[in-house]
Structures are given as C-alpha cells and as structure tokens.
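*Asks:* Given next are the chains, with one letter for each unit.
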Amino acid sequence: DSGVTQTPKHLITATGQRVTLRCSPRSGDLSVYWYQQSLDQGLQFLIQYYNGEERAKGNILERFSAQQFPDLHSELNLSSLELGDSALYFCASSTGQGVGPGYTFGSGTRLTVV
Amino acid sequence: QQQVKQSPQSLIVQKGGISIINCAYENTAFDYFPWYQQFPGKGPALLIAIRPDVSEKKEGRFTISFNKSAKQFSLHIMDSQPGDSATYFCAATENFGNEKLTFGTGTRLTIIP
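Protein sequence lines correspond, in order, to chains G and W.
No gaps in the numbering here: position 114 of the first sequence is 114 in this note's numbering, and each next residue is one more.
No gaps in the numbering here: position 17 of the second sequence is 131 in this note's numbering, and each next residue is one more.
One or more of the hints may lead you astray.
Derived list of chain G stretches under chain W, where covered just means 3 residues or more per stretch with a C-beta under 8 Å from a C-beta of chain W [to be verified]:
{"#": "1", "stretch": "42-55"}
{"#": "2", "stretch": "59-71"}
For each label pair, taking beta carbons as the anchor points, the in silico distance ranges come out as [what the hints assert, rightly or not]:
{"#": "3", "chain 1": "W", "residue 1": "169", "chain 2": "G", "residue 2": "79", "range": "41 to 51 Å"}
{"#": "4", "chain 1": "W", "residue 1": "193", "chain 2": "G", "residue 2": "79", "range": "41 to 51 Å"}
{"#": "5", "chain 1": "G", "residue 1": "75", "chain 2": "W", "residue 2": "128", "range": "23 to 33 Å"}
{"#": "6", "chain 1": "W", "residue 1": "134", "chain 2": "G", "residue 2": "56", "range": "31 to 41 Å"}
{"#": "7", "chain 1": "W", "residue 1": "142", "chain 2": "G", "residue 2": "79", "range": "36 to 46 Å"}
{"#": "8", "chain 1": "G", "residue 1": "97", "chain 2": "W", "residue 2": "170", "range": "36 to 46 Å"}
{"#": "9", "chain 1": "G", "residue 1": "18", "chain 2": "W", "residue 2": "153", "range": "25 to 35 Å"}
{"#": "10", "chain 1": "W", "residue 1": "186", "chain 2": "G", "residue 2": "100", "range": "30 to 40 Å"}
{"#": "11", "chain 1": "G", "residue 1": "79", "chain 2": "W", "residue 2": "171", "range": "17 to 27 Å"}
By construction, these hints were calculated from the structure, which means they are not laboratory data.
Virtual Cβ for every residue (Gly too), placed ideally from N, Cα, C.
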C-alpha cells in the first residue's frame, strides 16, 4: 500500500457524461498530481495542486478540472466524456519539495467510456 | 512533443540474463532521471533515480548509466528474475521548482525461465 488512495478503482460511463475521481494523499503530503495513462500516449501529466492552490498545469483538456480541498484530498472532474478519455488516471502525492523517493503514486482509477 | 523517448517497447529476457532499457531526452534543463516499475493493476513505483552529475548509479541488481553529452540514460537489470516482469518507465524532470514528471512510453519486460 503506497499510502495514496484513489477511488473508485473502476468506472464505466457513457459518452457525454461527467465523472469525479477522488484522491487522498499520503499523510503529511501537501502536493497532489494527476496523470493520465493511455495506451498510445503513456503517462501524461495533467495538473498539480499544492496545499489547495493550483501550482502547475500540463496538457489538461478544458473539459477536465481539478481541485484540492482543505483536508488535502483532491478530485479530478471529467465532463462531456468521449471514447478517447478511456484511460487509467493516476494520482501521486509528495511533500511538494521536489521529485524524489517520496513522490508516490496511487493504484489508479480505470475509466472506460462506452 | 515527446521529450523522453524509450526503447524497446517490449523485451523478453531469459532468467539470469541482463535486461537493458534505453531512454533519450531532449530538454537539457532536465536534472533528475527516475525509473519506475509498474505491475498490472498498480501505480508506478520508484525503482532507482540519478542526477546528471554522476555517470552511474547502482542499487542491488539495478544500475542506471547516464551519458549527459549524448542525452541518454539506460536501466540495466542484472541477473533478471521472473519477479522483475513488469512495465518499466523512464522519466525526467526539472527538479527544482517543477515537480512534473515527463515519462517515456514504457517497456514491457518479460523474464522467461
């Protein structure tokens, strides 16, 4: 157990729908990162939050948004879903002091859009 | 734009052999190069990492070789075991002030008895 908890583990939804993925970081970690892993693109950085504030943004679609709450858990919201959004979505957490051994990934949420 | 290129896409090695996975990068601002191991149904887990001020780092059976001038780095797994069968990702980041990892596309390693 990495200490980073992601729910749900699996999600199947229809095109056009909206879903919310949840991530609880390791105890003491202030930063949360979201990555998308698809077969043809590998792992792609989406967005980072640090202590409730957005810190960095990657190639995140406008249909996607995220937030980090006062208790430091984070949610990734995906709307107007398309077939191509089917992927594994990973959350990682760290203290926010750079990438290192403490940069830890959760087990992911597998999203299937049908 | 893929900033970290990884090869091969898949690799089959006999038990006891050496597994070698290669990566090349373009961004000269990268200054931290981790390798991650991922088993099915799990998230990537840090295996070993190197900074560009050294040319080699060894941890047990795992070694990273780093060539700064060629902008290449590789993972060597000595005495490969069936339990090493997993997908391996190289990654890179501009460590200070930037915690975004740029990943290679992954190598599926299979160790056969």
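*Asks:* Count the residues of the stretch 42-55 of chain G with a beta-carbon closer than 8 Å to any beta-carbon of chain W: does the count reach three?
*Replies:* holds (count 6)
*Asks:* Does the Cβ pair residue 142 of chain W, residue 79 of chain G satisfy 36 to 46 Å?
*Replies:* The hinted range 36 to 46 Å holds for residue 142 of chain W and residue 79 of chain G, with Cβ atoms some 38 Å apart.
*Asks:* For the hint 30 to 40 Å, verify it against the beta carbon of residue 186 of chain W and that of residue 100 of chain G.
*Replies:* violated, 22 Å
*Asks:* Are residue 79 of chain G and residue 171 of chain W spaced within 17 to 27 Å by their CB atoms?
*Replies:* Check failed, 43 Å falls outside 17 to 27 Å.
*Asks:* Do the beta carbons of residue 134 of chain W and residue 56 of chain G sit within 31 to 41 Å of each other?
*Replies:* holds, 33 Å
*Asks:* CB of residue 169 of chain W to CB of residue 79 of chain G, is that within 41 to 51 Å?
*Replies:* For residue 169 of chain W and residue 79 of chain G the Cβ distance comes to about 47 Å; the hint holds.
*Asks:* Go ahead and decide if the range 23 to 33 Å is satisfied by the Cβ distance of residue 75 of chain G to residue 128 of chain W.
*Replies:* With a Cβ separation near 46 Å, residue 75 of chain G and residue 128 of chain W fall outside 23 to 33 Å, so the hint is violated.
*Asks:* Note whether the CB distance of residue 97 of chain G and residue 170 of chain W lies within 36 to 46 Å or breaks it.
*Replies:* Since residue 97 of chain G and residue 170 of chain W have Cβ atoms about 26 Å apart, the given range 36 to 46 Å is violated.
*Asks:* For the stretch 59-71 of chain G, count the residues whose Cβ lies under 8 Å from any Cβ of chain W; is that count three or more?
*Replies:* violated (count 0)
*Asks:* Against the range 41 to 51 Å, how does the distance between the Cβ atoms of residue 193 of chain W and residue 79 of chain G compare: consistent or not?
*Replies:* holds, 49 Å
*Asks:* Does the Cβ distance between residue 18 of chain G and residue 153 of chain W fall inside 25 to 35 Å?
*Replies:* Distance hint for residue 18 of chain G, residue 153 of chain W holds at roughly 31 Å.
When the structure is compared with the earlier hints, violations turn up for hints 2, 5, 8, 10 and 11 and for no others.
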